[in-house]
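2 protein chains.
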Amino acid sequence: VRSPLPFGPLSSSSFLCVFQELELASVFVSDAQYNRNIFFDTSPRAVRLYLLYHRWFLKVLLYFFILVNLSLAVFEEPAVFPLPLWATMMVELLCLLAFSFRLVHYAKVIPPDKFWKDPKNICIIVILMLTLVDMIIYGALKATNYYALRWSRVLRPLLLVNVTEGRQLRRAFRSIRNALPQIFYVFLLFMFSVLIFSLMALKLLGKRGLQTIDGAPYFTHYLEIVFDLYVLVTTANSPDVMMPAYNASFVFAIFFIVYILINTYIFMSVFLAVVYNNYKKYLKEEVRQLVRAKRHKMVRAFAVLQEVREEGGEPVVTQANWNQVVRLVRPNIDNAHRELLWSVCDDKNQGKAAFVQLADLLNIEVITLKSRPHPFHSLCPALYLSAPSRLLSRMVHHRAFVIVYDIIILVNAIFIGLDEENPMIANSEWVFLALYLLEILLKLYVFEPRTFFSRHSFWNWFDIIIVVSALIATIINSAVKISGGYTSRQILDIVFILRVLRLIRVVDSIERFRAIINTLIRIGPAILTFGQLIVVVYYVFAMVGMELFKGKVKFYEEDSTDPAKAYCGNPLLRGTAFAQLNYCKNNFNNVVSSFILLVELTVVNQCSGFATVTHVSARIFFFIFHILVVIVIINIFVAFVLEAFFVEYSVDKSDLHTSVERKITELEVIFTECSSRTSVSSFFSLLSSLLSGYRTVDALLQRMFEADLDPEDLAEDDSPEAQTGRNFGNPTFSSV
Amino acid sequence: VRSPLPFGPLSSSSFLCVFQELELASVFVSDAQYNRNIFFDTSPRAVRLYLLYHRWFLKVLLYFFILVNLSLAVFEEPAVFPLPLWATMMVELLCLLAFSFRLVHYAKVIPPDKFWKDPKNICIIVILMLTLVDMIIYGALKATNYYALRWSRVLRPLLLVNVTEGRQLRRAFRSIRNALPQIFYVFLLFMFSVLIFSLMALKLLGKRGLQTIDGAPYFTHYLEIVFDLYVLVTTANSPDVMMPAYNASFVFAIFFIVYILINTYIFMSVFLAVVYNNYKKYLKEEVRQLVRAKRHKMVRAFAVLQEVREEGGEPVVTQANWNQVVRLVRPNIDNAHRELLWSVCDDKNQGKAAFVQLADLLNIEVITLKSRPHPFHSLCPALYLSAPSRLLSRMVHHRAFVIVYDIIILVNAIFIGLDEENPMIANSEWVFLALYLLEILLKLYVFEPRTFFSRHSFWNWFDIIIVVSALIATIINSAVKISGGYTSRQILDIVFILRVLRLIRVVDSIERFRAIINTLIRIGPAILTFGQLIVVVYYVFAMVGMELFKGKVKFYEEDSTDPAKAYCGNPLLRGTAFAQLNYCKNNFNNVVSSFILLVELTVVNQCSGFATVTHVSARIFFFIFHILVVIVIINIFVAFVLEAFFVEYSVDKSDLHTSVERKITELEVIFTECSSRTSVSSFFSLLSSLLSGYRTVDALLQRMFEADLDPEDLAEDDSPEAQTGRNFGNPTFSSV
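Line by line, the protein sequences are chains R and P. At position 91 of the first sequence the residue is numbered 91 (UniProt numbering), and the sequence of numbers has no breaks. At position 644 of the second sequence the residue is numbered 644 (UniProt numbering), and the sequence of numbers has no breaks.
One should not assume that every hint holds.
Repeated chains share a single entry, so a pair holds when one copy, or any two copies, can fit it.
Below are the EDC-like pairs computed for lysine to aspartate or glutamate, each with C-alpha atoms no more than 20 angstroms apart in a straight line [to be verified]:
1. Lys-108 x Asp-118
2. Lys-114 x Asp-41
3. Lys-443 x Asp-463
4. Lys-281 x Glu-648
5. Lys-554 x Glu-421
By construction, these hints were calculated from the structure, which means they are not laboratory data.
Looking at chain R on its own, in the form it has when it is part of the complex (with noise of 0.2 angstroms):
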């Protein structure tokens, strides 16, 4: 690897030059805290653009551009809210040619030979091209009234993944494809066993000559029953693809239930057996690359910020320099944080290993705790500390407080539940908002309302919200209901949601489910990322599934006296247990629509009403469906959610601290003494070292895997020869 940055003697540089030192080491140092992995030119020219590159405004505009191309799909033919194909057309054209501006800045920050071997890039180039011919095509078809397909929109929820520095979504499709394999024979021994059991199936039951409930012929045909056995997997059709056989005669119930013991229990655990083990292995090796990588980056940073103070020593950072780093990598940062920062990297020698680890302290948040009286204290100190106000907060701090609090929530719960045409009760609802609204005032007058509104107060913001909002919407409720009479459903929905949210606190009181709570909050932005993914799943399949079946299934309004309506506008329906349940609602004809299919398909995979309407073949749509989300997607969030809980319990039990935590709890001790002694005005704690190194996903897995992470990996040794021996640039994170 040759390296691009000149490793000379630095001292005898102008002043420019030394900034533009500073601010190339700052970049490495920003790179490793946040895990970035990209390859960038290192003259200042593209140093500058990088740090633009990465400037928030730039991200949330892609972000935003992103969110419009592929919101498109609801004003598109098949559309919620039709618009004119002009507009959608202009709209996206501007889309695309944003996601080309910040290919541009991208190939201009790194360079060309990086650019072009990185298959990200190829592929959003590749897309962008498609989806421009396609435009083209599809807007010369509609001109001259030809039919015409937008097969490029299955294109774009790609762009998510690979446009944005969504690494985390990359990942969980890294992780999707690298288990790929492993599940794959999985799912050939498991289609070989669907397979034998419905032969077998075929044999017994095909010539008895049974029939179904509708009259038709039962387990007569090979691909049917496949078919049929398959969806048993699912649960959908259980029991009543059993029923026929097992009114023939109860022997063949067994069949039935060695197939769902088999297939359904076996199978399923060893399909998230499969990914689970996959999942941690191929994360593992991620985060192993990331540590790596994150101290390959500090490593540069340090090389270029190095002076050999004396003859034959170490070389090291100086604090003036060191100072400078941590201004331009974090701007905010208060001197307090920064002295402290430095008095842990300060351990003995300011080498090379106390450096590297300036990326993760960076990552821990710190935050001043109770160091400011209360502002009533400071204004009227007579009043605040008289006998009447301590015994208030006395009583507030009680653990009665929070007790009295809850059996309020709870008689709330109650009154919600009984009728709100009772005047009495409707008026309750005022006392139960005063009462809310103390607490909050209580609570202020005696807590600093910093640390009350501090970042990981959780309760104490979701309390606010809540209660604030409950209160503005009674209020525009009761004003609209006394001025015209009625009542807005719309209002009234939201204050009654918002009156039941509000119930939830008492979750918090109780210390076992809090511990529950907390990690499921803590997993919350890893969900997200889940999230994303089952988005651009779901993208795809809605976009092919309402070219399929757009129109197919029509749903009527309640009111409706149209005849068709009993069949969901479809004759091939008429007396389907498709539209004898009502299911027309559920159907492909707009992106919403289609969306909440989906979900319910990744619930229960009932899809007999499309095979109906178009072909048997259909059925393949919803078979890889499937496939895809529920055996592979929903197994690596379960995974997901597993592997959380188990390091919660394991972190619960044992000290899995990372070390740099470990110094910074030694130090806090320190500090709290000193501070003591020397009066300090300020002085810093910690919050729960758990909280804190949770903050990012990346930092979560990294925990996730410390504990087995291969020694070498943190070990403190690693020279540039070393580096470079080891043939180790940037990681090279391939696309999709």
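Given the structure of chain R, go ahead and fit chain P onto it with the hints provided.
For chain P alone, kept in the frame of chain R given last:
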């Protein structure tokens, strides 16, 4: 702990006494080998009784009586095959007598204070008493024609748990019991979430005047909503439960999607995580205890056998004593095998450390490999070694042979799929049978029969059993057809099943499949434990369900013209989905139907029909069943399969071997070399150490956790004082 053993020097005892000591030692070794944990009296008489207690025929008899006792439900009211009351009562009395005998036998074996301290025994006595009381009351009431309830039938499966040495079963119950507190908190949180969502649904949807497809008001009653939403978690009523709201506005679909995401996906994953984590934790603890108990027993055996050979030297066990103990423990062991074991044990010193390993060594299967020439070779070497014979042998060994037969199997599969009415295809069956027979004969000609029929050649056994049975069944079928001119449906069914099963053989040819299948075969015995567990739980629910719901839903044969057939013989079911879908045979009218229905409920919990025919509160029965079986037991089952596969993956990759296996593998090399030099006629080799290690469930568990076990548990330095110092007697395994 008082040691009941005289630890003094034993060399001066009489022959009888020496034999008694050998017997005692062999009992300790045997207990250690099979992980039995019974604190028996060490007096010679008790040891004799103890040996009798563990005789296989007494155990078989016990299982037979348990089976009879459990299957009484088939003959009792409501019966599949009704028998007069006196007959079932007599049989039950006989069973109770047998269990009492067994208990008395047990009481004679162990010290009285131990007997009365063990809750297992108290439990058995109480069950026997209660059953007797119930039988008397029931008999008296029936004789006077009053309504009577056989409530003690629910206690029967508890005998399966407590009377037998069902260690795995009791362990499974214990892991459930241990996991319950943790599961309980998650369950509370989950129920809280369901309740909150239900309240929100009531407020949002209850006042809109929506209707279900039956025309009933939608979401107006709180408890109904709670139940509907709970069932939605099981996915049984998806998407039906959401359709009325979704038809009103697609916004409400969001409510259901959020609900499904949180409760179906996240909470169910959390349940799995909690169950898995607890399962693993407690199992690890139990296995640790097992390992300790095993070592302790071996130390006691050593204490009985030890002799101090030289002054001040370590006590040792002489080879003569060692041989006699091994002969007592395994009477059918051959000399060469015993010599091998001795040479493994005899590693430099014959002290305690080496002796303690004996229990594990006895569990390892050692098989003789290819030591014998083929019988034909001995009988007629000239012919067997002739050129055509050698060619044949090479042919059978060739990879093409396997491929040719795989192709034959696939062609056979197509022929099976085709219509067997066609005489050409019907006759082709004879060709295929001949081909399969030829394959087996060729293999028997080429491979040494004992190797071919060795215990672990699963596929060879499978082949022979399937092909020979198919041959017999096909011949009988043809004979019946020719003689009587009709075809027996039953025989034909068996022929079909055998034909299809034969196709499974193709799986063995593909390496990847073989690995998965082997894991599944290996965890098979452990799955049987879960089978017992499920039977216990199902039996209890079947008994309760039969009392609650018997006769409420009737099934009419297909050709019945009774008008009641349309509503399952219960006017309450007129027009319900239950009757329309023809679920009449899903009833609790006898024990077989009940079991099949409970399996269906495990897959998809649909119980609307039973609530209709009795009372809404009947849902509680189904609710409890779902919690217990699906949330707890199925999750433990999934946890077990996951763990087994993870162990498999880690064993595949790493060199996770027990210390004993490692030693044997080393020794094997030496042995092989020795035998080639000294031309020992037969030498030993090990079956793949993996296979042998997995022979028992305990061994599998021990392997699962050995990597995590405290080194202390496997340390070699445990003097009797250290043992007693740790106050370590037999670990007490409480009953359920």
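Status of the hints after comparison with the structure:
With identical chains, the CA atoms of Lys-108 and Asp-118 are at most 20 angstroms apart within one copy only, with a shortest distance of 14 angstroms there and 79 angstroms across copies. In this assembly of identical chains, the alpha carbons of Lys-114 and Asp-41 lie at most 20 angstroms apart only when taken from the same copy (10 angstroms versus 79 angstroms across copies). With identical chains, the CA atoms of Lys-443 and Asp-463 are at most 20 angstroms apart within one copy only, with a shortest distance of 11 angstroms there and 77 angstroms across copies. In the homo-oligomer, the alpha carbons of Lys-281 and Glu-648 lie at most 20 angstroms apart both inside one protomer (19 angstroms) and across protomers (14 angstroms), since each shortest distance falls under that limit.
In this homomeric assembly, Lys-554 and Glu-421 never come within 20 angstroms of each other (Cα to Cα): the closest approach is 37 angstroms inside a single copy and 45 angstroms across copies.
Checked against the numbered hints given earlier, the structure breaks only hint 5 and satisfies all the rest.
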